[in-house]
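Chains as they are written, first to last, in this note's numbering: chain A, 1 to 235; chain B, 1 to 677; chain C, 1 to 212.
Since the hints were made in silico from the structure, they are not lab data.
This structure is a prediction, so every number in the text was calculated from the model and none was measured.
One thing to keep in mind: the hints can contain errors.
[Claimed, not checked] Derived SDA-like pairs (lysine to any residue); straight-line CA-CA distance at most 20 angstroms:
no.: 1; chain 1: B; residue 1: LYS507; chain 2: B; residue 2: THR241
no.: 2; chain 1: B; residue 1: LYS378; chain 2: A; residue 2: ASP12
no.: 3; chain 1: B; residue 1: LYS581; chain 2: A; residue 2: ASP25
[Stated by the list, open to error] Here are a few chain C residues that sit away from chain A, every Cβ distance over 10 angstroms (derived from the structure):
no.: 4; residue: VAL14
no.: 5; residue: GLU27
no.: 6; residue: TYR32
no.: 7; residue: TYR42
no.: 8; residue: MET58
no.: 9; residue: LEU72
no.: 10; residue: LEU90
no.: 11; residue: MET99
no.: 12; residue: HIS113
no.: 13; residue: ASP134
no.: 14; residue: LEU148
no.: 15; residue: TRP165
no.: 16; residue: LEU171
no.: 17; residue: LEU192
Every residue gets a Cβ at the ideal spot worked out from N, C-alpha and C, and that includes glycine.
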Amino acid sequence: MVTYQVQDVSPDMSFLEMLDLLNEDLTIKGEEPVAFDHDCREGICGMCGVVINGTAHGRGESPVPTTTCQLHMRSFEDGATIDVEPWRAGPFPVIKDLAVDRSAFDRIIQAGGFISANTGAAPEAHAAPVGKLQADRAFDAATCIGCGACVAACPNSSAMLFTAAKITHLAMLPQGQPERYSRIKTMIAVHDEEGFGGCTNIGECAEVCPKQIPFDTISQLNRDLIASLFKKDGK
Amino acid sequence: MTTTTKPAAPTTAKTASTDFFEVGADIKDAKAPAGAIEQKWSKRKFEAKLVNPSNRRKLTVIIVGTGLAGGAAAASLGEAGYNVLNFCYQDSPRRAHSIAAQGGINAAKNYRNDNDSTFRLFYDTVKGGDYRARETNVYRLAEVSANIIDQCVAQGVPFAREYGGLLDNRSFGGVQVQRTFYARGQTGQQLLIGAYQALERQVAAGTVKMHTRHEMLEIIIVDGRARGIITRDMVTGAIETHFADAVVLATGGYGNVFFLSTNAMGCNVTANWRAHRKGAYFGNPCYTQIHPTCIPVHGETQSKLTLMSESLRNDGRIWVPKNAADCEKDPRQIAEADRDYYLERIYPAFGNLVPRDIASRQAKNMCDEGRGVGPAVKEFDENGNERFVRRGVYLDFAEAIGRLTKEGVASRYGNLFDMYAQITGEDPYETPMRIYPAVHYTMGGLWVDYDLSSNVPGLYVTGEANFSDHGANRLGASALMQGLADGYFVLPNTINDYLAGASALPKVDASHPAAVEALDSVKDRIAKLLAVNGNRTVDSFHKELGNIMWEYCGMYRTEAGLIKAIGLIQKLRESFWKDVKVSGVNEDFNQTLERAGRVVDFMELGELMCVDALHRRESCGGHFRAESQTEDGEALRHDDEYAYVAAWEYTGTAQAPILHKEPLEYEFIELKQRSYK
Amino acid sequence: MAVTGLILIGFLLVHMYGNLKMFLGAESFDHYAEWLKGDILYPLIPSGWFIWLFRAFMVAAILLHIYSAVTLWRRAMAANPTAYAAKKKLAQTYSARTMRWGGVILAGLLIFHLAQFTVKATLVSSPATATPYDMVIAEFSIWWMVVLYGLWLVTVCMHVRHGLWSAFATLGANTSAKARTVLNGCAWAVALLLYIGFMIMPVAVLFGWIGA
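With the sequences and hints as input, model every part of the structure.
See the structure below:
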């Protein structure tokens, strides 16, 4: 842990702009700037994410669910010392300073987080109507941005909320049915292989989730997992 | 903390716009077949040479970028059986900036029975682009738009639906039909995740090899053909060589040349610019779209701008104080009589709903007059003197809340109000919002033909990275459409025409002189950047470049201003190579080095944008030349002189580029002047 | 984890019901104890086998439960090689946080409990000298034994509080935010019921309302 002083922080600055300011200062002084991941800075790409004062994305400082880039300095008191740490989880090795490697998430998706529909092979869009409630539930789960805050906050370092969001998104749609029960088995297998912990239903994940992925998606995942013991795709 | 030095006055001796470029031979698209416009795409697909499925796996395609255009193309080519090498600078392909698009995606499905058709979408897009787009490409875009929706639904993209289970549509600016499909305010995200999932499926299948945290820094051209790229592994700093039978650039737009834009922080022009330096023509670089309803700059440390949907203008009223003295006051204390609802005053017919470019320009005018609101931000005047200007105008919902109630307003704009409150810390239900225009999209890009091939054989360019479909201005909900059209349906059906002959080309490896030269040039450039060891940060140069571009090549462009900007950029570039401080080493996760390389290319691009803006002495779409306006202050095109695509050929840093014109012929649509009367 | 946990909670409920027979007097309680060792499911299984089969089943459930818990714990430790310097809880309840060490403590006390009643009753005491009823009266007449029992039950019921909700969530019953509230409410209710149900008898013994 290193403590840096940042001057001239305005309340309207975002948390990452404060880090920019620090890095400009460090560069001029001839010191190494602090590495951190960020990209869109509007809370949608999922690239940024650090633990601030003990909560992922600084959720404990913010009145609303947020990504790190959308947390603003007005949430802190002038002169405060802020604790900043990277996501800490075995499957998210630190690359440098505050930047971590989240490629394990991509590998979970590779294991089945998709619908096999080759380009050009799609039927007319209205061929399969989707009830609005199902569509909305699919949407709520689909808003996941893959930032990894759920893993960072979980005492078990489980990626269950991330995995459950994808499972629920696809399980709610008619297009997702043909691969429903094989998808869950392969995704969970890779989730475990990657070294994420198991879920013990504590709920920290959903609390810090910037997109408020419903906690109950995990139960949806569990239900499908149990069902997959008895059902096979295509039967 | 930035140490912005005062820009010096330009010393360039060049005074006439024609001093800045040379004119070369005209160019022409040779791929679109003759005949009726409805038949062209089918005919082209039929005529294009094919690659036998068993031969596809012997062919390798490099795709740079994993957004809608790149990710969709990588997935589709992988499915077809080609060997795909896919690169992105982010840590995952899912983070490409396509994800940030809010509004929706157009498609000529005519689900509303409101007389929409492929031809109408084609017509609207050409007209919206102010008649500066190529007809053949735009027609095809409209033609494949319906397939995109089918494809995305099949992938599980959760588009908004009605209670009957069918897809919902909304209307969008500039058109009279409801053809926009949407997924709440996150359409881009959902479409990108669809493409990402298809892509990861191919990664699992082994057809696509994904390289994340890799930045393309050079292209390898062998015997005039694109054969590979040089990348830097952003974690280890390893400079790597990758070879292929064709290279596709799907690297997005270059709005970050303005430093402040709605683009992601990492968006850059390096891949495109490196290809341009190696021979690819840059089409219409000056066409930039500026969006009127963004959250204003809060101060010097601002790093990026956030867009709010334009739909806000349906119910919000835009105003500034009549007297500059009132600008510091609480807006609620300013009497009705002291407010200037300037859009309603100047354009009584359209009021607050004038097109994007007009709304943007008038906001700038009000602030230039000293009647802007919000925090005063440091900038430089024409003589290089520091000044503080308030850059914001009010977007007031008080009247709408009175008419619709607070709940009514919340039901329409609740998420936007929440976003505004989170960023500014102000409650827009209580005090008027402040807005200001921001750079949002770049219509220009590498020049491509009907096949999306650049003038360099084997080099294809898709999505926002190419110049092709939007002319001088892009309609809302058309960017997502173009990215996916290129990625899913166009490129996979045209690149085969080139690849069919590619296996006959001689093999290249790392020992080839062209590869060695490319690799060495990248290493040299990095070594040079690290060796300067000056006293100014990379961001301070980027911000200064942004200020120059925004001031002189932004919403309001003049002959004198553009000439001045070119001089300022040249000075800035000289200063950069003397004074920049790039800390650390190459063999590390070095974000300063990444940014430094990008700024080098942005400075060269900025200069070309100014030259392009200077040479085009007309106003069209997002390009507004003060010298070419109607009496009402509207953009005035000169179709007799400028109905062409400006494709620029690189000749050397700070050397006059060569202009190649591609005349635009309108066979199917009649050219008309835009009017808001 | 969830299935074995629910079996154990089910056992607790039945066990509680059995304990309450203390209030019906010595004969009823002793009869219950004898019945357990007697002809249940006879002649499907031989007389006296039920209790042993049942004990084997319970031991298996406990062992599987512990095995699952250890597996989860080890995975969590492997997935968490570096601790945060600062970590704040937002959603975690006290009972959720203490599942693991709480589980260890209550398992330790369970051994004591079994030694106290079952083992002693089976191996040491002769039925002639001490009926189960007398044994219970004897043990719970000691005040610190009741206090210890009460504390142990706190750990048990806290474990049940998170465990019950968590088991249902794992089995897929947490279908919405509302379901989450209902399940957590049920978990609280069962935990409180168990605590009261188990404590009422020892307290009654201590104060001499029973057996005096």
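Taking the hints in turn, this is what the structure says about them:
1. LYS507(B) - THR241(B): holds (14 angstroms)
2. LYS378(B) - ASP12(A): Within the cut-off at roughly 16 angstroms; holds.
3. LYS581(B) - ASP25(A): Roughly 12 angstroms separates the two Cα atoms, so the pair holds.
4. VAL14: holds (25 angstroms)
5. GLU27: For GLU27(C), whose nearest Cβ neighbour in chain A is about 44 angstroms away, the distance exceeds 10 angstroms, so it holds.
6. TYR32: Check passes; 36 angstroms lies beyond 10 angstroms.
7. TYR42: holds (34 angstroms)
8. MET58: Holds: least Cβ distance 23 angstroms, greater than 10 angstroms.
9. LEU72: violated (5 angstroms)
10. LEU90: The assertion about LEU90(C) is violated, with a minimum of 4 angstroms to chain A.
11. MET99: MET99(C) not clear of chain A: closest Cβ-Cβ about 7 angstroms, inside 10 angstroms.
12. HIS113: Per Cβ check, HIS113(C) is outside 10 angstroms of chain A; nearest 25 angstroms; holds.
13. ASP134: holds (42 angstroms)
14. LEU148: The claim stands: LEU148(C) keeps its Cβ more than 10 angstroms from every Cβ of chain A (closest is about 28 angstroms).
15. TRP165: TRP165(C) is in fact no farther than 10 angstroms from some Cβ atom of chain A, at 7 angstroms.
16. LEU171: violated (6 angstroms)
17. LEU192: holds (20 angstroms)
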